[in-house]
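Chain A is fixed; fit chain B onto it per the hints.
Here are the chains, one letter per residue:
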Amino acid sequence: MNLFAPIRSWWRAIAHRSRADEDVAAELQFHIDAHTEHLIASGLSPAEAARRAKIEFGRVDVQKEKYRAAIGLRPFHEIGGDLRYGLRSLWRNPSVSLAAILSLALGIGATSAMFNVIYSTLLHPFPYADADRIVNPSLIDEKQPLVPTWFALEPAQYESFIKAQSIDSVLGFLVQGQQETGQQFPEDVSVAFVTPNMNDFLGVPAMLGRGMRLSDGKQDVIVLGYKYWQRRFGGDRAVIGHTLNLDNTVFTIIGVMPPRFTFTETVGNVDAYIPWNAKRAPALLPWIKLRRGVTPEAADADFQPYLNRFKQESPMHFPKEFHVDVQPIAAPYMHRTGRTLALLFVSVVFLLLIGCANCSVLLLARGEARQHELSIRSAIGAGRFRLIRQLLIESFAIAFAGAALGTLLAYWLARLPLKLMPGVFPQEATITMNWPVLGFSIALALLTGVLFGLAPALRFSRPDVSHMMQTRSRTISASGGRSLNLLIGAQIALTFILMGVAAAAITGFMRITSMNLGYDPHHVGFLGIPLKQAPTKNREATASYIARLRDTIAAVPGVLSVGVASSGIPPSQPFGGFGTPASFELLGHTADSAQQALVQLVSPEYFATLKIPLLSGRLWTRDENRQGDFVAVVNQTFVQRYLADRNPVGQQLRTDAVKDDGRPSSMASPNSTDWRQILGVVADHRNNGLERPVAPAIYVPYTTFMWNATQLFIRTAAPPETMLQPLRRAIHVFNPEQRIGGNHIGTLEDSLSVQTIWIQQHTFSVLFSFFGALALFLSLFGIASTIFFATARRQNELGIRMALGARRGHIMWTVSRSTLLTISVGILAGLLANLYLRGLLQKWMPGNNHSPWLLLPVVAVLILGSAVSCLLPAVRAAHADPMATLRSE
Amino acid sequence: MGDKIDLLQGTLEILILKSVSLGALHGYGILLRIQQISQGRLQIPQGSFYIALYRMEHKGLVKGEWGESENNRRAKFYTLTAAGRKQLKKETEKWAEMTDVVGSILSATGEA
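Protein chains in written order, with the working numbering: chain A, 21 to 909; chain B, 98 to 209.
Next up, chain B with everything else stripped away, as it sits in the complex:
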């Protein structure tokens, strides 16, 4: 398990937003999807995952609704709200800019 990456501070929220934007998911589903897409390379602490999720619901970025899961159990499904969609767009742009800047700094070669 040594090849797993610890989550960068503050990125959990954008990951949740992204996963929910692809379709309604319950909490466990979101976790699975993130791991799936990252092909198991991200280590997400389950405790802080729910805290983040609740905080986002509290802020109105996602909306939870009770429904039936794939194996016919009651589960809470989260969808993106309008505010969440805006937030995702903003955060994605910020992220791209950030990686761009950090990337360009890191890829800089010594120019005399």
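Here chain A stands alone, though its shape is the one from the complex:
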């Protein structure tokens, strides 16, 4: 048999349908005509012959259908008919169809978008080769076990370390600010000195020119980062071969890296890459690519002896007691955002469930309302299969449209979290669609469509025609009502949970934005000041340089006050170093437990600049500030925690946090660890992040411990951003070589809004409000359409009741009674679930308000909303003219 013949004939029948139909008609007509002529020839009258021929042949259009059946296309044409009919019937109730489609689309869109965000930012954020095997050189200081620190290696140590068993390869790097001169102002360029295997190790080729080669080790060559190339060279493609003058060395530009390559902001934003050699940087941080199959734990055990040995050689690079704890490079991000995203994912799954439930409610309600139509079709001979197919096609059409719209939505929604939470994801993460998840959501949508489209189909397609035709005027059949009520109840309960969480998130965010910070962030900017590393370590000179720079800035018109602070930007502290609480001693006071406080290196003007009031005693003078030793100021929490029983002013304390650690850039005052007198007490301000209580703090003059960078906090009359040019000009006049960190001015208000907890709460409150509102809208629409369909079906009954004298209130009660009961049960279930979940949420969303009273407004909104959505169609039913409804039958 010819294999292609059927395909050809199908193609002809489908693609040239009208031609094929005409051909069949023409052929059959020819047959009848020929037969007629034949009969005339055999002696019949023409009229009689034509009649006989037609009778013998049967109806021509029936033959056409038989033709399609013969070549196996009948189901195809029937489904086409079902589809057209289905679409028409969906079109007849456009709001219901649209709501069903939207419910599915929103659920699918939100779920796959959220999973994509999780996948692209947490599970697979880096465009590096074997990114899952690259680990950070992290270790845990036994004294500060909460935050891991990184270890650096000296060149000889590096050489011996990379031979370790579990290591595949290592990329050594060190990030340093360098200065480019020749511009209007000296520009700060963040340079990574990298071992020349960078491009091989990360598996990312240069976008322009070439990447680094092993032979580049001793050469003065530089590879530019994409953003820096755009900013500094305007994206000029002819830049390869040109030179760049950094810290008085001329580098030849050999390549530009692609946009997605930013060397991860874990180590700060890097502008350019220079081959490392011992002259350029004294030590290296190793990024370690583990051998295939080596777990981080095995690597820890392998590395520990190496690091123990290195610690003997260079004690200042390592904490006193530690253990190695290498972490995958994605781990810090996982730590920061994992829970947020997990919670959001759970909530979008809720949304998907609500969407599916809503779609089911609508399909079921619609199916109930169509009983009559189906029974008529069944009565005039439609088979059960035919009816099921019809209903299935309709629900498929809804499911399919919902899935398609959901896919589009997913594209858009997936970008939302990145917009809402800038800075908490790896910069290199790009959101791409995740096909398996999208597939899953679509499959779920189609399944919903089929399942809940099929439920009424199976029930209504039972051949009990007479019964079904009579049920026209009866109430909703028991089984349909039960599953409808169940779905509505579940929907309300889920919506309640989402709204409860939304309420908690919103109040939590409001608490953060209205939080008493203890300082005034408005119009306070800060500049990072990189300092030249003086080989002579002249502490006095550096201290005086900073003081003179401060005075210069203070004299700029528009500047109200300037303070120096080397340690951290409120409201939180940097990781490591002065960011972590340090231990201290109080004279004449033996501690029964560990005493710890944040040690802050500031100038006396710092307090006025941030408007932190002095509560008692005094601040140190400029002379005391120059000297650095013997003085300190503490905050209120410090007094409450450690000096509650006596007058704090005049007490003596000392701390090793400001001890000279021997690092090349460190400079400590001669008596930095000696006893210091507490001169005064300042009010508390948020110094340990927004989500944690104020930590006890000790303020000491910044001159007591300095290194190659400090910061200036500047209160200005105008927004600080507008002051950048005058400030830079003033600094330029003061010292043409002095650059500022990142070439920009930061503001304390911006620092607040990049706080993890701020971002988290902001995201939570925006997204959960969005989800909650969506869920509410979907549920209420589902409720309204259920009652609408129910009243439509019972129009006749209601008409009779009204004709017999039933009052409107009674009618409204009759139609909405069972739904109202369901809603109440749903609200009750939601309330219980919310109370039950409270403990769990408290753990996962620590910044939130979890007071049960918060649920009151939620309950009120839900009850009000459901009442309105019940009443609107009910009122409509009650206001119908009974005579008109009765006559319409």
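No wet-lab data here; the hints were simulated from the structure. In this text, a Cβ means the ideal position worked out from N, Cα and C, and glycines have one as well. Treat the hints with care, as some may be off.
To be verified - Over 12 Å on every C-beta distance to chain A, these chain B residues come out as not near it, computed from the model:
| no. | residue |
| --- | --- |
| 1 | I111 |
| 2 | D197 |
| 3 | S201 |
What the hints assert, rightly or not - Only pairs whose alpha carbons sit at most 30 Å apart, straight line, appear in this in silico DSSO-like list of lysine-lysine:
| no. | chain 1 | residue 1 | chain 2 | residue 2 |
| --- | --- | --- | --- | --- |
| 4 | A | K552 | A | K247 |
| 5 | B | K187 | A | K86 |
| 6 | A | K340 | A | K299 |
| 7 | B | K183 | A | K86 |
| 8 | A | K74 | B | K115 |
| 9 | B | K186 | A | K86 |
| 10 | A | K74 | B | K191 |
| 11 | A | K86 | B | K191 |
| 12 | B | K173 | A | K74 |
| 13 | B | K191 | A | K557 |
| 14 | B | K156 | B | K183 |
| 15 | A | K86 | A | K340 |
| 16 | A | K74 | B | K183 |
| 17 | A | K74 | B | K187 |
| 18 | B | K173 | A | K86 |
| 19 | A | K183 | B | K191 |
| 20 | A | K247 | A | K299 |
What follows is chain B alone, placed relative to chain A:
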């Protein structure tokens, strides 16, 4: 008309194949030819005749082409395809074997 034989299940196809194998014919012509050869002894329902014909065209056993009929009207003429010829041969052999077997069974006499 009582002496007309109802068509055996599945034999219509082989009859059509045979008639078309003798030369291109339109649908009515095929019907006429079968009746002619059988001398009017076969009763072929006209509805199922066309269904069979279309199914055979769909399967590629016959090929229809539009042409002019004997009285200058547009008509669709069917010819045998290669596949149809093979099918005819196969079916004819099968038929012969069948009639042979059935015939020998029916002509059997009681042998003690």
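Is the Cβ of D197(B) farther than 12 Å from every Cβ of chain A? Label holds. Min Cβ-Cβ 26 Å, cutoff 12 Å.
30 Å limit on alpha-carbon distance, applied to hinted pair K156(B) and K183(B): holds (13 Å)
Below or equal to 30 Å on CA atoms is what counts here, so check K74(A) against K183(B). violated (36 Å)
If you draw a straight line from the CA of K74(A) to the CA of K191(B), is it 30 Å or shorter? Between K74(A) and K191(B) the Cα gap is close to 36 Å, so the pair fails against 30 Å, i.e. violated.
Would the pair K74(A) and K187(B) pass a check requiring their Cα atoms to be no farther apart than 30 Å? violated (36 Å)
CA of K74(A) to CA of K115(B), is that 30 Å or under? holds (27 Å)
Is K247(A) within 30 Å of K299(A), Cα to Cα? holds (27 Å)
Non-interface claim for S201(B) versus chain A (Cβ beyond 12 Å): holds (31 Å)
For the pair supplied as a hint, K173(B) and K74(A), confirm whether the alpha-carbon distance does not exceed 30 Å. holds (19 Å)
K173(B) and K86(A): Cα distance at most 30 Å? holds (18 Å)
For K183(A) and K191(B), compute the direct alpha-carbon distance and say whether it is at most 30 Å. Distance of about 81 Å is beyond 30 Å: violated.
Checking one constraint from the list: CA of K183(B) to CA of K86(A), max 30 Å. Satisfied? Holds - the C-alpha atoms of K86(A) and K183(B) are around 27 Å apart, at most 30 Å.
Taken one by one, the earlier hints fail for this structure at numbers 10, 13, 15, 16, 17, 19, listed in ascending order.
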